[in-house]
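From first to last, the protein sequence lines stand for chains X and F.
No gaps in the numbering here: position 484 of the first sequence is 483 in numbering that gives the first Met the number 0, and each next residue is one more.
No gaps in the numbering here: position 129 of the second sequence is 128 in numbering that gives the first Met the number 0, and each next residue is one more.
It should be emphasised that the hints constitute simulated quantities derived from the structure, not laboratory data.
Among the hints, erroneous ones may be present.
One side of the interface only, derived from the structure: several residues of chain F facing chain X at Cβ under 8 Å [claimed, not checked]:
1) Y68
2) L69
3) F86
4) I183
5) R218
6) L275
In silico lysine to aspartate or glutamate, DMTMM-like type, Cα no more than 25 Å apart, as pairs [claimed, not checked]:
7) X:K104 / X:E123
8) X:K171 / X:E91
9) F:K139 / X:D192
10) F:K307 / X:D392
11) F:K142 / X:D198
12) X:K190 / X:E177
13) F:K224 / X:E91
14) X:K452 / X:E253
15) F:K139 / X:D198
16) X:K194 / F:D214
17) X:K139 / F:D173
18) F:K137 / F:D209
19) F:K168 / X:E237
20) F:K231 / F:D201
21) F:K168 / X:D233
22) F:K97 / F:E77
23) F:K224 / F:D208
24) X:K199 / F:D214
Where a beta carbon is used, it is the ideal one built from N, C-alpha and C, also for glycine.
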Amino acid sequence: MDLNYYRLTPWGKLLYKLKKLFGGIGRGFVGFWVRLGKAIAAFFTGIVKGIGDFFGGFASGSALTKTSYLIMGSSHVFRGQIVKGIIYFALEVLFVLYMLFFGGKYLAMFFENFFGGGNVGRVETHVSDVWNDELGEYVKVAGDNSFHIILYGILSLFVIIFFFMCYLSSVKESRLLEEICIIGRKPEGIKGDVKRLADKNFHLPLLSLPMVGLFMFTVIPLVTMILIAFTNYDANHEVPEHLFQWVGFKNFGELLDTSSSLGMTFWRVFGWTIIWAVCATFSNYFLGMALAILINKKGIRLKKLYRTLFVATIAVPQFVSLLIMSKMLDTGGGGLGSGGGIITQLIENIFGYHLQFGLDITTTRICIILVNMWIGVPYSMLMCSGILMNIPDDLYESARIDGARPFRQFRKITLPYMLFVTGPYLITQFIGNINNFNVIYLLSGGGPGDLMKYTDGAKGTDLLITWLYKLSLGIDRNYKLASVIGILVFVISAVFSLVIYNKSSAVKGEDNFQ
Amino acid sequence: MSEKNKNTQNPSSAPLTDWAAIDKLEAEVTTLPKRKKTGGMRLRRILGNTVGQTVLTILSIIWVIPLFYLLIQSFRKEPGAWSPTFFPQEWTLDNYKKLFFETEFPRWYGNTLLISIISCAITTAFVLMVSYAFSRMKFKARKPMMNIMLILGMFPGFMSMSAVYFLLKILLPDNYQSHLSLIIVYSAGAALSYYIAKGFFDTVPRALDDAARIDGANRFRTFYKIILPLSKPIIIYTILVSIVAPWCDYIFVSYIMSGVPDTGMYTVSLGMYKWLEREMIQQYFTTFCAAAVVVATPITALFMWLQKYYVQGVTGGAVKG
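Use the sequences and the hints to build the structure in full.
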């Protein structure tokens, strides 16, 4: 930051900062693509080099090495590494069997219409012309299951990649073995490998199990669902009765189209998601900070008691506190005088106003944000008070000697310090709030609805994530839309993280904190 | 004023320094206003503290009242969802009796306890393993793996749920709507939350590893004998977060268990949610409150007890830039 900055008017300063922020985004994007490009280039040069090594090794290798290109492990077995050779051979046999009897079929169907569009799978479930006397109807013939085709297709792709990596390492090892034998040394047995697993290669046993879990239950389902966004899988194309089709980017177009009712619904839900995330994040953050400062203030008594009381609300499981809140705000079904939850009754008795929670969209939204403060403020209070205690006291001391009033001390010392330290926390909170299913679903269930403004199962206080939930279950099943929404949520989260990441790394260079 | 002074004062005739006057002035400047100022400040401080104290008291009452309401409603004798008064007109323990002897709540509680303990064990082990590997081991795929996992974490966790459901249906064809499925759902993706524990391991001095290795310990022994005993705060944090998760989760359990005929398979959150549905609430609201007290008490106690570690974990994760 150059010195001229301090000559600017407040508005000028704001403008300067905004320019800097957006410049940062621009640079971030450029930097991202440059890095990506470099990575891709490195990847391809690696591949080219690998191919060279691969065929070069084949040409120059002995007969045994050449066989090991076809039959994995053969060179290991004949050169003394029997256990390893058998493992490699078994892997190859398993892979061939898998592809022959299972993976190959699905992979073929997966790629058949992948690029041109069309059915996923070949045969739809249909009624044949064979009569079944027992049931008194024509025999039903089960067709292909489009969803299974995609799921197994992805699984097979990963199996192929994994096998290919094993294959490459086996080839590399057999070339090494050949060299060792030429020198005349005896190749090391399996014991050495096992020993290394506890030391130099300790990451393999550490990572293998968690990664298997991650692949099976996160990566493969996630890739499958991403691909579902490019199909028309919904209640009308339910598996296994029907096939669904590849449709390309059609779903994205329909969802983002502002002229259709679906598109308008999406933009409304999207807008509320962003408003909600901003309000929830910042209200919690600043109130939490204020509370922490107040509790930490010199001369306040019973600090520990206050802290405990506030923390009690985060310790209680959210679904309990949220559900009880939603019942306390309940309208009891009607207008003035119809009873309802204790808060509604209280407001009615004092102000003569019947709270429209769950009946009027704006009221419900305000209530949700308020309740979220009740849930979230203690959380950020807890975090802020930990950090506040770390601010060196002499900073305040010198500020006081220079005659700075408390508010100025806050603005010039506390706030910058807190923002600096908790920047990453703010991003995670923001993204967490975009995905805050519990608060919305347990408080209002997404309601109230408005048929004029919202279609496809969405309601007035639905976030993208609760809409996604409703779309993947219940009567409005629409998996393709759910997937598109999931991808868009990812894009939003990624963009915000990128922006803040750039911003906070820019901050690091400027300030002296640390 | 200043010009007038200049004209009237004659520098040569006046004494060079009037020490008495200066002393007097100084005394006036330093003592008098200062005393006044400290008096004002003390007053202001007292006032500020009183205001602060009052605000805190009011806020903490507001914060605690809903929980207090929940507690006293669990002792309410009158049936029904709403009561017109804050305090019950008649007190009773019947709600607890009903909870434990007439409903499926004890089974739900057992289910949740079982699921949370097993999934917590798996999650903690996974998180520690992955974060140690990322923090200490050098291998080619380290950086790409960390980046990919960061990206994976940005997709909403629920998005892949329908595919997971299908997978479970294929893997466990007979009982895919079971506790095993829930344990898998809660713990299989644990590796993704390696970030905080890795940050912790990064702060453990590497010299310790080196010393152990010089003494002949391999990586496994170093991890097991040196690093793990030093990682108590992060282990407790991971255990705390992962053991509470199944108690608070609604979204996954409602998806996995949707349409299960035996409602005894539920976990507490799903079962208790059903009690508040329109057809059930009149009959079950006070039971719900009692159940909420039974569920919340141990978790709150656990949380209060281990609060220190929780804060360390959260701030440690947040401070990492």
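Hints versus structure:
no., hint, result
1, Y68, "holds (7 Å)"
2, L69, "holds (5 Å)"
3, F86, "violated (11 Å)"
4, I183, "holds (6 Å)"
5, R218, "holds (4 Å)"
6, L275, "holds (6 Å)"
7, X:K104 / X:E123, "holds (16 Å)"
8, X:K171 / X:E91, "holds (16 Å)"
9, F:K139 / X:D192, "holds (18 Å)"
10, F:K307 / X:D392, "holds (22 Å)"
11, F:K142 / X:D198, "holds (20 Å)"
12, X:K190 / X:E177, "holds (20 Å)"
13, F:K224 / X:E91, "violated (38 Å)"
14, X:K452 / X:E253, "holds (16 Å)"
15, F:K139 / X:D198, "holds (16 Å)"
16, X:K194 / F:D214, "holds (17 Å)"
17, X:K139 / F:D173, "holds (23 Å)"
18, F:K137 / F:D209, "holds (14 Å)"
19, F:K168 / X:E237, "holds (16 Å)"
20, F:K231 / F:D201, "holds (15 Å)"
21, F:K168 / X:D233, "holds (19 Å)"
22, F:K97 / F:E77, "holds (14 Å)"
23, F:K224 / F:D208, "holds (10 Å)"
24, X:K199 / F:D214, "holds (16 Å)"
Consistency with the previously given hints fails for numbers 3, 13, ordered from lowest to highest.
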